[in-house]
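> So the protein lines, in turn, are chains Z, H and E. Each residue of the first sequence is one higher than the one before, counting from 1 in the numbering used here. Each residue of the second sequence is one higher than the one before, counting from 262 in the numbering used here. Each residue of the third sequence is one higher than the one before, counting from 595 in the numbering used here.
Just so you know, these hints were derived from the structure itself, not from any lab. Some clues are possibly wrong.
Now the in silico label distances, taken between C-beta atoms and shown as ranges [unchecked claim]:
hint, chain 1, residue 1, chain 2, residue 2, range
1, E, P734, Z, E224, 47 to 53 angstroms
2, H, K395, Z, G235, 41 to 47 angstroms
3, Z, G235, H, V392, 40 to 46 angstroms
4, E, Q638, Z, E224, 53 to 59 angstroms
5, Z, W12, H, K486, 40 to 46 angstroms
6, Z, G235, E, P616, 34 to 40 angstroms
7, E, Y695, Z, F202, 41 to 47 angstroms
8, E, L726, Z, I204, 18 to 24 angstroms
Just so you know, even glycine gets a beta-carbon here, dropped at the ideal spot from N, CA and C.
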Amino acid sequence: MIREMRFLLALWKANLLSAMEYRVSFILQVLGMMLNNAAYFVFWFIFFERFESVRGWGLVDMFVLFGIVAASFGLGVFLFGNIRFLADMIAEGRMDYYLSLPRPVLLHSLASRSTISGLGDFIYGLISFALAGQYSPDAVLRFALGVVVGTTVLVAFLTIAQSLAFWIGSASMIAMQASNAIVTFSLYPLTLFDGTAKLILFTILPAAFIGSVPAEFVRAFSWEQLAQMSLAAVGLLALAIWVFQRGLRRYESGSAIQVQV
Amino acid sequence: MTAIQVEGLVKDFETRVKQPGLKGSLRALVQPEKRIVHAVRSISFEMAPGELVGFIGPNGAGKSTTIKILTGILHPTRGAANVLGFVPWQDRRKLAYRIGTVFGQRPQLWYHLPAIDTFHLFGKIYERDDVEVKKRIAFLAEAFEIGHLLETPVRKLSLGQRIRCEVAASLIHQPNLLLLDEPSIGLDVVAKQRIRDTIRQMNQVEGVGVLLTSHDAGDIEALCKRVIVINHGTIIYQDRVSALKRNYLTTKQVDVRYAEEVPPDFALAGVETLKVGRYGAKLRFDVRATPVERVIADLAGRGSLLDVTISDPSLEEVIRTIYQADGVAVAAA
Amino acid sequence: MKKIAIYIAIFRTQLINSMAYPADLFSRSFMMLIFMWVFFQLWQATYLSTGQNVIAGLTLADTLWYLMVAETVLLSKPRLGQEIATQVKDGSVAYLLNKPYNFLLYQLSVSLGESLMRMAVNLVFGGALVWLLVGPPPHPAALPLTLLAILLAWTLDFCIVALIGLLAFVLEDVSAFEWIYSKLVLVLGGVLIPLDFFPEWLRSFALSLPFAYTTYAPARMFIDPSIGNVLPLLGGQLAWLALFALILSFVFARGMRRLAINGG
Numbered sequence: 001m002i003r004e005m006r007f008l009l010a011l012w013k014a015n016l017l018s019a020m021e022y023r024v025s026f027i028l029q030v031l032g033m034m035l036n037n038a039a040y041f042v043f044w045f046i047f048f049e050r051f052e053s054v055r056g057w058g059l060v061d062m063f064v065l066f067g068i069v070a071a072s073f074g075l076g077v078f079l080f081g082n083i084r085f086l087a088d089m090i091a092e093g094r095m096d097y098y099l100s101l102p103r104p105v106l107l108h109s110l111a112s113r114s115t116i117s118g119l120g121d122f123i124y125g126l127i128s129f130a131l132a133g134q135y136s137p138d139a140v141l142r143f144a145l146g147v148v149v150g151t152t153v154l155v156a157f158l159t160i161a162q163s164l165a166f167w168i169g170s171a172s173m174i175a176m177q178a179s180n181a182i183v184t185f186s187l188y189p190l191t192l193f194d195g196t197a198k199l200i201l202f203t204i205l206p207a208a209f210i211g212s213v214p215a216e217f218v219r220a221f222s223w224e225q226l227a228q229m230s231l232a233a234v235g236l237l238a239l240a241i242w243v244f245q246r247g248l249r250r251y252e253s254g255s256a257i258q259v260q261v
Numbered sequence: 262m263t264a265i266q267v268e269g270l271v272k273d274f275e276t277r278v279k280q281p282g283l284k285g286s287l288r289a290l291v292q293p294e295k296r297i298v299h300a301v302r303s304i305s306f307e308m309a310p311g312e313l314v315g316f317i318g319p320n321g322a323g324k325s326t327t328i329k330i331l332t333g334i335l336h337p338t339r340g341a342a343n344v345l346g347f348v349p350w351q352d353r354r355k356l357a358y359r360i361g362t363v364f365g366q367r368p369q370l371w372y373h374l375p376a377i378d379t380f381h382l383f384g385k386i387y388e389r390d391d392v393e394v395k396k397r398i399a400f401l402a403e404a405f406e407i408g409h410l411l412e413t414p415v416r417k418l419s420l421g422q423r424i425r426c427e428v429a430a431s432l433i434h435q436p437n438l439l440l441l442d443e444p445s446i447g448l449d450v451v452a453k454q455r456i457r458d459t460i461r462q463m464n465q466v467e468g469v470g471v472l473l474t475s476h477d478a479g480d481i482e483a484l485c486k487r488v489i490v491i492n493h494g495t496i497i498y499q500d501r502v503s504a505l506k507r508n509y510l511t512t513k514q515v516d517v518r519y520a521e522e523v524p525p526d527f528a529l530a531g532v533e534t535l536k537v538g539r540y541g542a543k544l545r546f547d548v549r550a551t552p553v554e555r556v557i558a559d560l561a562g563r564g565s566l567l568d569v570t571i572s573d574p575s576l577e578e579v580i581r582t583i584y585q586a587d588g589v590a591v592a593a594a
Numbered sequence: 595m596k597k598i599a600i601y602i603a604i605f606r607t608q609l610i611n612s613m614a615y616p617a618d619l620f621s622r623s624f625m626m627l628i629f630m631w632v633f634f635q636l637w638q639a640t641y642l643s644t645g646q647n648v649i650a651g652l653t654l655a656d657t658l659w660y661l662m663v664a665e666t667v668l669l670s671k672p673r674l675g676q677e678i679a680t681q682v683k684d685g686s687v688a689y690l691l692n693k694p695y696n697f698l699l700y701q702l703s704v705s706l707g708e709s710l711m712r713m714a715v716n717l718v719f720g721g722a723l724v725w726l727l728v729g730p731p732p733h734p735a736a737l738p739l740t741l742l743a744i745l746l747a748w749t750l751d752f753c754i755v756a757l758i759g760l761l762a763f764v765l766e767d768v769s770a771f772e773w774i775y776s777k778l779v780l781v782l783g784g785v786l787i788p789l790d791f792f793p794e795w796l797r798s799f800a801l802s803l804p805f806a807y808t809t810y811a812p813a814r815m816f817i818d819p820s821i822g823n824v825l826p827l828l829g830g831q832l833a834w835l836a837l838f839a840l841i842l843s844f845v846f847a848r849g850m851r852r853l854a855i856n857g858g
């Protein structure tokens, strides 16, 4: 564990150095993404100006929800930037490099790239949470835990979606839509959905664990939600690793490209 | 004691076949039609520690697939392999500490960073001590003459400079075995020569074994003691490079040109006709059976000679001969 | 009349080209479905919680059909500003000086050709889902008028984006301006929420700016094609379009003259 952490730190340092080669672009991407998110949030300002609350959710709750989702998404794509390109890397045989080095392939490949704008998302998430005004130490701790769970669930879910490439070849389009869908759904209160929709958001498209469940957990501690979140994070992560490892056995490297029928 | 031992290695790929057009796409979606491609069909060979072995064959012969199985990147369909005491696809990570790899078409250096940053990262990946890594980099920088390139972002290096840095990067952790897949691809003659020199040097200085694939016979000729010729997934020849040349250099090749047109059935006694053009021909003969003197005399007797070139075949030609003996039509080696 | 035939041909080529990747076309519409589904859940809950059938003059069905058109207008249009800026920067715009067509009209034809097929697919998919959720559109007969308004909206949008692209004559990087414009449309164009739900001061502010006429106008006309609603919106579209077209052709002419004198 400590060995892998030390290696991850070196990798992230290299990512950061890479990004710093283009300093102005770095700052613009971070600031741009923060403003971008703020522009979307104007919608909720206008909405709650008129309606005050919807199904038990008010402006402050929405600050927390956006905080969790933006920070989770930002952290995920900043630390594990290849989560957006894994399917292409598999299909184009670009996993060779990671397979020829003595480190865990999934961890190494995901962390070998950093999406800089993710840092903007992450900072925006922190600001959004700060605006909610919940400064008690345990609320902050619950928020931090919520972000860790959100990041884990998001990265695990996207790993599974992208790993489809091992079986169906080109999966980048499906993975991109899966990513858009889970982020979109996570940005709305879970109480809007009922029955089947809710079931889907807890299972196939686990958006609940990236948004509403951690956000409610920040509002008030509950053992039930803590258990749900832990189970979801650990379970999905294990599933993602298992799926990826299964897929690696089917990995065809770049040779498959030459084999044209 | 062997560095690599391979026994009956087989790798099949399954590919989906799609009929053209939208209809074909839909059919492929519902009922995919599959075809098995045999990339490697039963390969067996051995390699001693510190040996320099070349793998040569045309594109798609199965060279890269074999190398990838030996590094643990691909799982074989059947067969056994042992690399430095490990089964690659089972002990991938343990093996990775002991071998270095360069894939000519897949750079491992970080594109936007100076090579030295990747070198240090590799130090971390292989869990080497920082001081030791610094010493190692200094040593490699001198050996590869890349000291002046290390601080430049890789994107600004020429291809030849970059490949030298790539090979150096693969040696950071002092591997016992170097697996190189097409290291010289796309390089010009001078850059190729420098890469060959550095690889040979590391073999002599550190005794690191080298298994090299190439479709350029020049790489093998300049570097390797032993050559394995592979085509359509099977080994069709393996021997020492010197033996290969001794056996095949008994032939000479003749290019002849005449002032007038030559008949399409142009032939000489004891000489093999390779190709007949309108004004000339390409011939080959064995000096043990047919003296050079007689061939020249015969050629002169056929018309007014414009030009004659008699040459030893290159390794490339030799290998082409082997392919032909194997009964395989090869467009380009 | 011959000139117009050129642009129609360009438009057609682009239209056919946009159908070359049906998978891409349909996968874009997938997001349209997700958005409409989420919007439905949100607004249904909102209407239920207020206990009113009509909010700010709109029913739930009005709101959903409005959002469907607004999203379609936004999701179907191409990213053109960067392309124009690139052509200005790398000098390829100079080579168009001796071509028998107008650079701007050429770009407009390309842009409309690219958008039209996407719009059709988005309208069909999004429309089908919304119909399923809240019933038929309140005024189906308003569709031709809406399509006309979408055309005007895109042309207005084109003029603004092209103007930003032409800033490349004087600025290194115009992407920031294009980005700001897209955010202004998002906030003040009524993409995520009808302007009718805005506080009154913000609504009249938004209506006095051009952004509302690139998205809000066609969407609003679709759910209420009454003369009183359509005339000011259509008038606004035409007025802003005239103004920006004028500025654009002026800036373009100036830029080209500079190019002709100084070289590319």
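> None of the hints should be skipped; say for each whether it holds.
Going through the hints against the structure:
1. In this structure the hint that P734/E and E224/Z lie 47 to 53 angstroms apart at CB holds, the actual value being about 48 angstroms.
2. In this structure the hint that K395/H and G235/Z lie 41 to 47 angstroms apart at CB holds, the actual value being about 44 angstroms.
3. Checked against the hint of 40 to 46 angstroms, the pair G235/Z and V392/H passes, with Cβ atoms roughly 43 angstroms apart.
4. Taking the beta carbon of each, Q638/E and E224/Z are about 27 angstroms apart, not inside 53 to 59 angstroms as hinted.
5. At about 44 angstroms, the CB distance of W12/Z to K486/H agrees with the hint of 40 to 46 angstroms.
6. At roughly 37 angstroms, the beta carbons of G235/Z and P616/E sit within the given window of 34 to 40 angstroms.
7. The hint said 41 to 47 angstroms for the Cβ distance between Y695/E and F202/Z, and at roughly 56 angstroms that hint is violated.
8. The supplied range of 18 to 24 angstroms is met by L726/E and I204/Z, whose beta-carbon atoms lie about 21 angstroms from each other.
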